Amino acid sequence: MSQVSRVSKSRLQRRMNDDLTRFFQVMGYAKKYRWALAIGLLLVSVEIFFELYVANAQKIFIDNTNEKNADAITQFVQQSLLVIAAVIVLLAAQLMLKGLIQQFINRDMSVHLLGRINALPLKRLQSMHSADWVSRVARDVPESASISLALFDLSRDILLILFSFIYLSSYNIYLAAVALLSGPLIFMIGRLFDGKIRTLSEGIQKREADVRETLQEYFQGTAVIRSYGLSSLFEQEFHEKRRLQNKDLLKREMITTSMYQLMDFIINGIIIFVIYFVCLAVLRGELTVGTVLAFLYLLIRIQVPFSNISRTLSHVQQGLGASDRVQAVMCMEEEPSAKAMTDGLAKPSTGYEANREEAALRLEDISFCYRSGEGHETAVLHHIRFAIRLNETVAIVGMSGSGKSTLAKICSGLLEPDSGSIYAHGKQVTGRLDNLRSTIGYVPQSSFMFSGSIRDNITIGLPGITEEQLNNALTIAGAHFFIDKLPNGVETQLSEASSKLSGGEIQRLAIARAVLRETPILILDESTSAVDNEMERYLENSLRLLANDRALIIIAHRMSTVRHADRIIVMDQGKILATGTHEHLLRACELYAKLCRNDIGSQDDNLAVSQQV
Amino acid sequence: MHEEEHRYSPYRVIVRLLRLGKPYLVLYILIAVAILVEVGLSIAYANTFQLIVSGVVSDEYPALVRSILIMSVIVVSMSAVFMARGYLGARLDNDSRLKLQDEMLRKVSRVRLDSLDKLHTSDKIARILESASIAQAGINNRLIGFIADAAKVVALLVYLSSLSARLTAGSIIVSALIPLMLLPISRYSRRWFDQQNRLSAEKDGIVQEAVQGGEVVRSYRLQKDMNERFANKVSEFVRVRLRTLSIESFTGSLTAIVPFLSVVYILGYGGLLVSRNEMEVGAVAAFLAASNLLTGPIYNLFGTWNALQWSISQAKRVFELMDLPEEPSGSGVAEEPKHDGVNLESAGFRMEKVVFRYSDEDLDVVRGVSLSLEEGRIAAIVGPSGSGKSTMLKLFMKDYEPSSGRIWWNGIDCSLMDNKQWRKKLALVSQTPFLFHGTVYDNIHYGNREASELEVIEAAKMANIHDVIMRLPDGYHTRIGERGATLSGGERQRITIARAFLRNPDILLLDEPTSALDNENQAAIQQAINRLMKGKTCVIVAHRLSTIIHADKIIFMKDGAVVEAGTHEELMLLGGHYYEMYQMNRTNEQSEWEVAT
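Chains as they are written, first to last, in the working numbering: chain S, 1 to 613; chain F, 614 to 1210.
No false leads were mixed into what you were given.
List time: in silico DMTMM-like cross-link candidates among lysine to aspartate or glutamate, alpha-carbon distance up to 25 Å: (1) S:LYS241 to F:GLU743; (2) S:LYS485 to F:GLU1193; (3) F:LYS837 to S:GLU518; (4) F:LYS712 to S:GLU240; (5) S:LYS123 to S:GLU416; (6) S:LYS485 to F:ASP730; (7) F:LYS846 to S:GLU491; (8) F:LYS837 to S:GLU467; (9) S:LYS251 to S:ASP19; (10) S:LYS196 to S:ASP264; (11) F:LYS712 to S:ASP248; (12) F:LYS712 to S:ASP132; (13) F:LYS1074 to F:ASP1087; (14) F:LYS720 to S:ASP210; (15) S:LYS206 to F:ASP708; (16) F:LYS837 to S:GLU416; (17) F:LYS1037 to F:GLU940; (18) S:LYS31 to F:GLU849; (19) F:LYS712 to S:GLU253; (20) S:LYS68 to F:GLU893; (21) F:LYS1147 to F:GLU987; (22) S:LYS59 to F:GLU893; (23) F:LYS966 to F:ASP1165; (24) S:LYS485 to F:ASP1172; (25) S:LYS123 to F:ASP1087; (26) S:LYS247 to F:ASP715; (27) S:LYS206 to F:GLU716; (28) F:LYS731 to S:ASP132.
No lab work stands behind these hints, which were simulated from the structure alone. Keep in mind it's a predicted model, so treat the numbers as computed, not measured.
I would like the entire structure built from these sequences, with the hints used as guidance.
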C-alpha cells in the first residue's frame, strides 16, 4: 500500500494511458462486429428502463390502493406483465450479444495469435516450451477477450449515474453535487490497486502455463516416467506449482475483496456523514423529513454505480494482465516471408524456376551461432561455401557437433544464417525463407506426425493429390510395406503418441511426405536412422531413383549410402574440411578415413566386447 | 455405448459430484452462515434508516446519535464478515481443486498405458486443469448457495405466512414455476456443454501440434493449413458455445426479471385484497419488502439443477479419466526369493503362451509366445519390422498386460509383482530417447534419485557423454530445451544410457538403435551399451549382426510368433529364416567393409 501511494500522479496517468491503449487493442477485434456491439449497447437502456419502472411501480400501487381503485390495479398488472415479457426478451438479446461479441473476439484473437505463432522463426518458437505457447492461446486469449464485457457494464453504470444525477438535481442541486463528487473518490481508490492486480494476474497466467508445462511433460513422457518410477516426483512438481499459483490467486482475491470493502466503507462513511448533517438540518427545521428519505435513496443509487465501475475496472486489470502475455507474442518479429500468409493474401509463389544452368542451391560465406537463454553464444558454422546442382547427390559427414544438422536446417530455410547469402536456382534468397522452403523437401531424423490419418499426414498442404501420386510416394519411401498390413491402410488414424508405429515406420512416412511434394531439392538428415538393414537397402535404391533430376543432400553415416554420392563433404568444427569423392577422400582426408574406419571399427569393437560378455 | 451413457447418467454423476463436496461440508456451512449474517446485517442496516427517521420526526438528538453509532458498527462488522467469507471461499476453492487434481494425477499414474494414450495430451490437460476446477467450484458454490438459500427460505416463510398465507403461497408458486418449467432444457444444455468441452480440448490440441510440429509446419509451409484447421475448430467451438450462451442469456434474463413478477403478483393480488378490505395497505407493503428476500432464494433453489449442468458435464470428464482401467499392479506380496541355488532352473525369464492384442482391435500382435532366458544371459530378438519385437519389450516392462499367458521372473509370476518394484529391476534404452525439459543433470538423475552428484558424473562417463556435457555452456546444469531439442540425436541417446547406468538394473531391455546416428556416435554409443550390458540379463531387439551372433539366445519373430530360437550356430544349421537374414546382412556389412579398405 505504501508503495502504491508513493506512485506519482504522472506515473498513474501514464499507466492509465497504457491501459487504455491495451483496452482498445483488444476492442479492435470487435470492429467487425460494431453493429452487434452498437445494438447490444443500446439494449443496455432496457436494463435502465426496467430499473426505473420497478422503482415507479411501488408508487403507482400505493397511490391506487389508497384510492381503492381496483381497475387501475388490474390495468397496472396487465401492463407490467407485458413489460416483463418484453424486457425478458430484450434483456436476453442483450446478454446474448454481449456473450457473442466476447466469443467472436476470443475466436478472432486466438486465430490471429496462432497465425502469428506459426509465422515466427523456428528459433524463436523453440526458445519457449510448447505448453507456454498453448497456454497463451488457450488461456490468455479468453481472459483478454473478457475485457469486452466491461464495455457493457461500464455503459450501464454511467447511464445509471446520469439518470440518478438528473433525478437528484431536480430535488436539490447542491446535494446532487455532493453525491456526485464522492464518485470520483471511490473511483480513484480503485485505481490504486490496479497495478498490483495486473501484475498478480500476469503472474497467475504465467504460472498457469508453468503448470501446463509440467502436465504436458508428464503425459508425453508417461512411458519413461513409469519405467523410472518418477510419477510421484512429477505429482509433487505439479502440486508445488499449483500451490504457488493458489497463493497468488488467494492474494489477488484478498486484494480485490479489500478494495471492494474499502470502497463500500467509504460509501457508507459518506452516507452516515451526510445523514448526520442532513438530520441536524431537519432538527433545526431547515429540511423536511420527506426530503431526507428521498435524498438518501438517491445518494445510494448514485454511489452504487460508481463502486460498480471501480469493480469492473479491476476485472479489466485481470484481463489486461493476460493480454500482456498475448501482446508479447504479437510484438515478436515474424519471419519476413510469413506476413503475406498470415494476412491471408495470395499464397506466395515459389518464384523459382528450376534452372539447369545455375546451381540448385548455393551457400556463400554462411556463418551461424546459437544463443542460449543465458546469452552464451556458440558459433556453429564458419564461412561455409557450398553448391549443389540438379542431378547431383551430395553427402555430408562429420563428427558429432560438427554442424551438419545446422547446415541442413540452414539449407532448408528453417534457420536464418547470421551472415552470408543463399542462392536458390541462381536467385538470392533475401529474407524470404519460405520461398526457399517451397523448393526444398526436408526430412529430419524424427519428423512430427499430426493426429489424423496417415493420408492426411502425408498429403497435408497439398490439395488435389491423386491416389496414384500418393501410392507412388508411399512406394518410394517403402511405407507401403507396413501400410498394406494395417487393417485401415492409409486411413489408419495416428494417435498423438503414434505408439503403434515404430520409429522406422514414422521415418518412412516422413520421407513419403517429402517425396510427394516433388521439390527439386531434397535434404535428408539422418532420416533413415531407425529403419532396419533390409529397408535401408530398399531406400538407398529409391534415393538413386530420386536423385534423377533432383539435387539431393544426404546426411548419413552408413558408408554404403554415402559412397554413392557424387560428392562428399567432410565437416569439422563448423567448417568444411574437405570435399571429393569417396575414393579421393579416403586417400586425401584423414578424418574421413578415420570416420570410415570407425564405422567399421565399431563393429570390431562390438565383437570384442560382446565376446567378453 | 448404452452402458457408457448409463454410467455417466446425470444422476450418477451428481452423486459422485456430491461426494467431492462431502469433505468440505463444515466449510460450506460456515460460509453459508457468513452469507446469512451478511443478509441479517444488511436488513439491520436498512432498519436503522427507519430508526433515524423516527428519531428525527420525534425531535430526539440522542436517538440520532445512537442510530449513527449503530450504523457504523453494522458497517464495520459487515466488512469483517465479507472479508472472512472472501478468504474462506478462496481457500475452499483453491484447496479443494488442488486436492481433486492431485487425486487425478495419482490415478493417472496407475492407468494402463494403452488406455491413457488414447486421449490427446491436450485433452488430458484440459480435464485436469479446466474440468476439475469447474466441477469442484460448481459443487462448492451450489452447495453453499443451497444451504444459505434454504435457511433464508425457512426463516422468511415463518414470518411471511404470519402476514398472509395466501400471498406467501402465491409468491412461492410464482417464483418456483419458471425454474421448474425450464428443467427440460437441461437435457440440451448438457449435451451442448459436452460438445463444447470436447471441442475446447481439441482446439488446444491443434495449437499444441502446430507448435510441437513447428519444424514440419515451416519446412512444408503448412502455416495456412494449420491456421485454417484451428480457425475451423474454433468456429465450431464458438457455434456450440453460442447455443449454450443462448440458454445462459435466456435464463440470465429470467433470473433478473422474475423477482419482479412476484412483486407484480403481490401488488396486484394484495391491492385486490386491500380494495376488498381483507388486508391493510401497511401489511402488503411489509410483505413486499420481505418477499424480495424470499423470491430470489426460491428461484435459486428450484433452478439448482439447471445451474449444475455445466459442472455435471465437466465432472463427467473428470470421472471418465478417473475410471480408466488401471494396470493390474499385483499384490506386491510376491517378493522375489533370494535364490540360493535351490531353484536355479527357474532363475531368469520365462514366457508362457503369451498373447497380446490391443483392447480395441481383434488382431493378435503377439501370438502365443513361449520362451525362457536364464539370468545373466543375453537374448536377441530379431525379425522383420512389424513382427511384434517392440511389443515384447513393452510386455516385459508391464506397459502392456498379456491378453493371456504368463511371464515369470525367477519363478515368480510377474503379474503378481508390484509394478513399481518390478520396474525398479529394469531399465529400457529405447530407439527414440525421451528427455524432459530441464537440465542435463536432472535428466540423468531421474535414473536414480538417491544417487549423488559423483555417481551422476560417473554414469555420464560410462555412457561416453561426459565430455560432450562439459563442452555445453553450463555443463551439467545446461537446460536442454523441450525433448532435448538443443542436443543431437546421438547425444540424447547417450543421456538416456547414462540414466540407465545410474539405475543399475538387473534386467536391461534394449531397443537397439538400428543404425546409430553418426560414425562417432555409433562407436561411442555401442561402447556405452556394451558396458551397460555387462553382467545383466539382457533382452535386445537387435539389428547388428555382431550383437546377434554373440547373444546367448536368438529369437526369430515373424507375424507375432516365435518361428526359430536357439544359438547362432543352431539356427545357421537350421537353414531357415535366420539363415536367410544373416546371409543378406552379411553381404551388406561385407560391402561396407570393402568400401573402407
